[in-house]
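Protein chains: 2
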Amino acid sequence: MTGVDTIFEPSSVILIGSSRIREKVGLSSPQLFKSVIHNMKKFFKGNIYIRDVDKEGQNIEGLMKAPELAVVMLPPEKSIVEAEKFAKMGVKAFIMITGGYKDEQRRELFELKERYGVRILGPNTVMGVINTANGLNTTFERDVMPKRGNIAIISQSGGVGACLLDWACRYKIGISKFAFMGDKIDVDDIDLLRYLAKDKETRVICLYMEGVKNGRKFIEEARKIVAEKPILALKGGITQESAHRAKSHTASMAGSDEIFNAAFKKAGIIRVEDPEELMNAAIALSKQPPMFGDNIAIVSNVGGPAILAADAVARNSLKLARLSDETKRKIESLYPGMDATNPIDMIADARADRYEKVLDLVLADKNVDGVLVINMLKSCFFEPEDAKVIPRVAAKYPKKPVVDVAAGGEDFELVYGVIGESNIPVYNLPEKGVKALKILRAYGKILEKLGKSRKPKES
Amino acid sequence: MTGVDTIFEPSSVILIGSSRIREKVGLSSPQLFKSVIHNMKKFFKGNIYIRDVDKEGQNIEGLMKAPELAVVMLPPEKSIVEAEKFAKMGVKAFIMITGGYKDEQRRELFELKERYGVRILGPNTVMGVINTANGLNTTFERDVMPKRGNIAIISQSGGVGACLLDWACRYKIGISKFAFMGDKIDVDDIDLLRYLAKDKETRVICLYMEGVKNGRKFIEEARKIVAEKPILALKGGITQESAHRAKSHTASMAGSDEIFNAAFKKAGIIRVEDPEELMNAAIALSKQPPMFGDNIAIVSNVGGPAILAADAVARNSLKLARLSDETKRKIESLYPGMDATNPIDMIADARADRYEKVLDLVLADKNVDGVLVINMLKSCFFEPEDAKVIPRVAAKYPKKPVVDVAAGGEDFELVYGVIGESNIPVYNLPEKGVKALKILRAYGKILEKLGKSRKPKES
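One line per chain: the protein sequences are A and B, in this order. Going by the numbering used here, the first sequence opens with residue 1, and the numbers climb by one from there. Going by the numbering used here, the second sequence opens with residue 1, and the numbers climb by one from there.
Accuracy of the hints is not assured; some may be wrong.
Each pair may be met inside one copy or between any two copies, as identical chains are not told apart.
[Unchecked claim] The list that follows gives simulated cross-link-like pairs (lysine-lysine, BS3-like), each with its CA atoms no further than 27 Å apart:
no. : residue 1 : residue 2
1   : Lys-229   : Lys-198
2   : Lys-34    : Lys-366
3   : Lys-102   : Lys-328
4   : Lys-388   : Lys-24
5   : Lys-24    : Lys-330
Think of the hints as simulated: they come from the structure by calculation, not from any bench.
Using the sequences and the hints, build the whole thing.
If you want it as structure tokens, here you go:
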């Protein structure tokens, strides 16, 4: 096992903090220490040791075997002293939670890594690491644990990571790993990408980054991975002013935005603009196949939102599919009076049965590469339970992506409650559903470029 | 009282439907009829009469006085017959809920209006009208009634209107009036704008439109209104294909998107791109003053989201305010170690007291035109109750807009629970908070152009 593996999959962990020290800067506090202990005890399936530097008589040296991983929550000076002690003892990897390190102190930490061959995540990771498979959870948000799933999130920033974690918890989004990188004196994006590339639990990798050190290597590494797993990136610090803040925030050079755009493109990384887009895109990629064509069909029980979806299709460089005459004839003969021109308005009294039949016919059409389903409850006869037909029909066409839109606030939550955990991504606005398809198309194009296109068989 | 006033403020209403007829197209059904009766009985403060066309012996003609408003929920043919009967009796205004009208039938309805001097909303309004002040609610969503407030929504589409209504209910957004226009054979955008311009309950007007008949008049009317009340517009049908659907949807010509852009600009109408943007913009305009300058300060307890907000400031053509030396000095002397360069990262342990002092200093700075506050809970020490200082400090500077961002899912709901009903708009992403400020700036520019700028006094 490499050091980076140990960061996520240790058999034993020692938590190092203080029950007394509280620092203004850098987060160290007895409260944080207690909370991390609480979470680890609650969730982690391996062995836990606790070292409170203020408690006398703790015979840590007497441990039969060194723990594999140490989580350090002390102010910089003390953190370094403790880390050295445990590196000597044989601890393989360190997560440095607290921040406030001066350049000199970051150098000392780096020397430790060199001297003992250990791996170090941080400092200033703030939340450290979550692994939903073994329950490792070094965050200090009590009882916060996302659902197990296949989306991995790497965040350079504690705050943005926390925002993504919060989103994942609120909408029960399946997560494999969370890693907060902080100042990256050792373990960086490239190490984590390599680890996640091999991780069987992970199908989609999300990155929040403010800067990257070895750009060329980063691009190379990403290119290798995207043939198997999509990578999404949100980049913070696109302007001079925000880049200035990024420098003081995580000690990273943000670099020009155009350079990043070119690098992401070269690497086959899909760029998104905000945390919600990142999560929505990850959900789409984790649940649905890439899209190998631009042609979208819209199947809706309401006219207006279908029109907004059609507008969004155009705005997002996709196309409205032209349904074959056969498909149109079949739909119109099943439902006289319905105009089966895409976007299809099945009218406000459409229930499960009509959704099932129309969706099936539309997915079977060779002119269609992906489908956006809209089901509203308000102003319609649709009931939340009716939504169950959507994953059922979609499963018959595993090579064509299907996303669902339950437009609004209450309606969204009702439909999400029924199919939110199915393989169908559900969004609360037509625009967001279309953007999800755009992401699936973007990944399809990346695979096509790599010669990995899997154009669906014509039916 | 004009006929349009009667549509919103009738003293008495007759509900006309059938306990038997159920049509495939156009929504008429006994279920819909029952639901509208249910809502009207539950919410409406005036007199209600019910006419079931299938019930014999209903001596409607024996009413001492004709009701002022009739809500008609029958198929086209029967709707016209009933409408004529009641127009003769002296009913002043009609809301035609059901759709499925042929051109010929729309003409018949229009002739009725001409002959009897009545006003007609619809047909195909689907949901009709909501007035939160008198409890008028002709929608068939049982028990759905938004909170009373000062945002008016006019929607040409039932579905988009329903989506907005749903959003308003979910997030307890204060609504004055809802009107679903449908096919607009008589009452149109212009009539409704005129009505809402005078309506004391309404401070912000939101429009969802697919087409407009008398463009020049519409622009003139809007221009008069925006000096007093902002108008927001979401336009459906921007492409040829979606315009085709709009034509069959609400019988309206969508027209070229560029023409609408020019028209909105001329009219001083602020255009938005999706229903969520519309609601978010309306909330900002209903709670905060317009912004008379481009300079945004960001006050945050997390670094990453502040950087994303700064990026969004640039993307939305706003500027990061350069704080005066005095402001920076004051902040930095209060909190040694803090870098008071905008965006200001107050660090993860900031609580109410630090927010209060820093926000106060920033708002007092003459270089600042508006403030985005970010308060995260996860990864921070901030507690939901701490958010209460934000409306309190903002109230001291009534001419500078302040919006709040609680980034994420759970965090957002917790903070929203505390200050969601205050005068501070709360958003779940930095990007959305910045867009709200952009809308306030857009309205500020419209007022400046009209010579109505109210540049805040320098402090």
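Determine which of the earlier numbered hints do not hold for this structure and return their numbers in increasing order. 2
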